[in-house]
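K.L.:
Here are the chains, one letter per residue:
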Amino acid sequence: MSMSLNGNRPGEDLLVVDDLVKHFPVTRGIVFQKEVASVKAVDGISFTVKQGETLGVVGESGCGKSTMARCLMRLLDPTGGRITFAGRDITHLSRTEMRPIRRELMMIFQDPYASLNQRKRVGFIVAEALQVHKIGTPAEIKRRVQELLEVVGLNPEHYNRFPHEFSGGQRQRIGVARALAVNPKLIVCDEPVSALDVSVQAQILNLLKDLQRDFGLTYVFIAHDLNVVRHISDRVMVMYLGKVAEIASKEQLYATPRHPYTGALLSAVPIPNPERGRLRRGIVLEGDVPNPINPPNACRFHPRCPRFHEGRCDVDEPPLYDFAAGHQAACHYPLERWPMTADEIGRPGAALVGNVTEAG
Amino acid sequence: MPLLEVKDLRTSFRTDDGIVKAVDGVTFSVERGKTLGIVGESGCGKSVTCLTIMGLNNRRNSTSSGEALFNGENLLEMSPRRLRDLRGNDVAMIFQDPMTSLNPVHSIGKQLVEAVMLHRDVTRKDARLRALELLKAVGIPRADRRIGDYPHQFSGGMRQRVMIAMALINEPDLLIADEPTTALDVTTQAQILKLMTTLQDEFDTAIIMITHDLGVVAEIADDVVVMYAGKVAEEGTVDEIFTRPHHPYTWGLLGSLPRIDADVERLVQIQGQPPSLLNPPRGCRFHPRCPYVMDVCKTEQPLLMPVSHQPHHLQACHLDEVTKDHEAAKLLDGTLAQVG
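Top to bottom, those sequences are chains A and B.
As numbered in my numbering, the first sequence has no gaps in its residue numbers, which increase by one up to the final residue, 360.
As numbered in my numbering, the second sequence has no gaps in its residue numbers, which increase by one up to the final residue, 1340.
Read the hints as simulated data drawn from the structure, not as lab findings.
Do not rely on the hints blindly, as some may be mistaken.
If you anchor each label on the Cβ, the simulated ranges turn out as follows [said to hold, decoys possible]:
1. T341(A) x R1010(B): 45 to 51 Å
2. Y1292(B) x T341(A): 41 to 47 Å
3. T48(A) x T1323(B): 46 to 52 Å
It should be emphasised that the depicted structure is a prediction, and the values quoted were computed from it without experimental measurement.
Backbone N, C-alpha and C fix where the C-beta goes; we use that ideal spot for every residue, glycine too.
Use the sequences and the hints to build the structure in full.
P.N.:
Dropping the structure here:
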């Protein structure tokens, strides 16, 4: 078995998500459960991920990033919409039909302590996917696992150790090796470095970048840290309360954010440079993310938005307006430039009307 | 006189595997109204330093030595009764996880009132008014209605605000915050940091901020202590540490940070893991991971010495100053040259 680029060519759409919806029912009653409401965790999002690129997904906790990831992995059944992976609609495939596809679709989890089985040896953990998919003889599997451990920077001799014998960073490497075992096309990384120290975080980020270069991997990279997302992503999607607020290339998003929410996120990031930090004046968002059971009308960001216009933002839901090639944001009163002072942000120009693209 | 002066603080724990020297000779001071940031990786002893100052280590398996002079009184030799008087009154602490540090079965109002009545001779009614005042000060909307709510009815950011209200309710001189924003979203973090600095100005409180996030330190701290494996690697003002760092470990920390204000293709990696404190490396504790390691580093422990012309900027490294200036400049150019 060799680890090589498999299937699709770079630049082709590997994953197409169209109007994905996931609602969790809220029920009352013990015997006769009645649905009284629903948590609208993901409420109509669309995006594509091209072969070989990294799509970063950011947003506050509760914005639906992880639910979206779980839907992509088909660990949750979407309520609506369509997920097309490598040209095949996987939205409603059964467990058996999904099995061959799971080889190509892997996940790395946030907590390197909880995501590895404490009672199994590392060799077993990494080999499990190979065994499930019946790839190779026992000897081949063993060789492959040792090769994988080496690729992620662990000692292949540690094959027989248990997870608790490793540090947090090393465990995350085991998680990466496990995801790589079956040569996946797409790896969904759900906050893979947020539980790690900065120095270890740098090691894992460098490793993920190296692996992408060597094996042509495609990542959907979920994180709440905008510094990390900027470092690893090619394109970035900002989510707010189950919707896409803005999606753009990394350069566009960080240099010219259009959605006030993106602006607020960017100005909330602490900059490790005291002089620049002191100079910065930005938007400090008030309040918390609203309850997704009963989200605000129209633009979901309007109760917290510094550019809120009564009669517009709370009446018309903003579509994803096009700003530049590949740069879309869902805001009627987008930011004109960046950076802006809090005062300028509070005085938006004319509202957008035309130029509407029908997207999620 | 500084508000808090810590001199050669040492704490060790007896464990089944041997003695862990978690804090091994730490010296720093905090002025009234100023913020000191303590940074380092997990296990470097930053939390234990503060727990020792507060007298919160388990006395059955830990021993401490050194001095922690708070207004001239040594906290380490204080009677438990006097210490109880001090805690929550003159010195308060905020922890990382507000859910585990609030009592889930009492309303926040009750917990706040208790904090006042323990230290002040006031009626319950006055204590309640004071609690309300603080909840308003930390920006809890509809405070008069929410005072009767239980911790689980608040969001993470709101809970941390309640913790801050509780910590500040007796107007302490010193507030120790142990990773107060680590569990929060960036937007909430920005709110909490802003709140802490505003309240600091109002009450002239000194803050010790423990964090692993160098960004947070750069935003809020006046002085910084960088700890590594139970020792101070470098300390100085925030500008000294961020614009002219003098220790290879600080370079590693700064370089390993993906940052929003600069583009780097590859992050600087500090090789390996922090050492076990059961059996720390001989000589400089950072030498097994240090790219600039010399023979002297493996045998002789570097002392914390002032950098020339900067009497308050201390560093513990054998490397000569010319090389350091050169390397520090290179690191900063690498990241800062591309600032857009």
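K.L.:
Would you list, in rising numerical order, the hints stated earlier that this structure does not obey?
P.N.:
As far as the earlier hints go, not one is violated by this structure.
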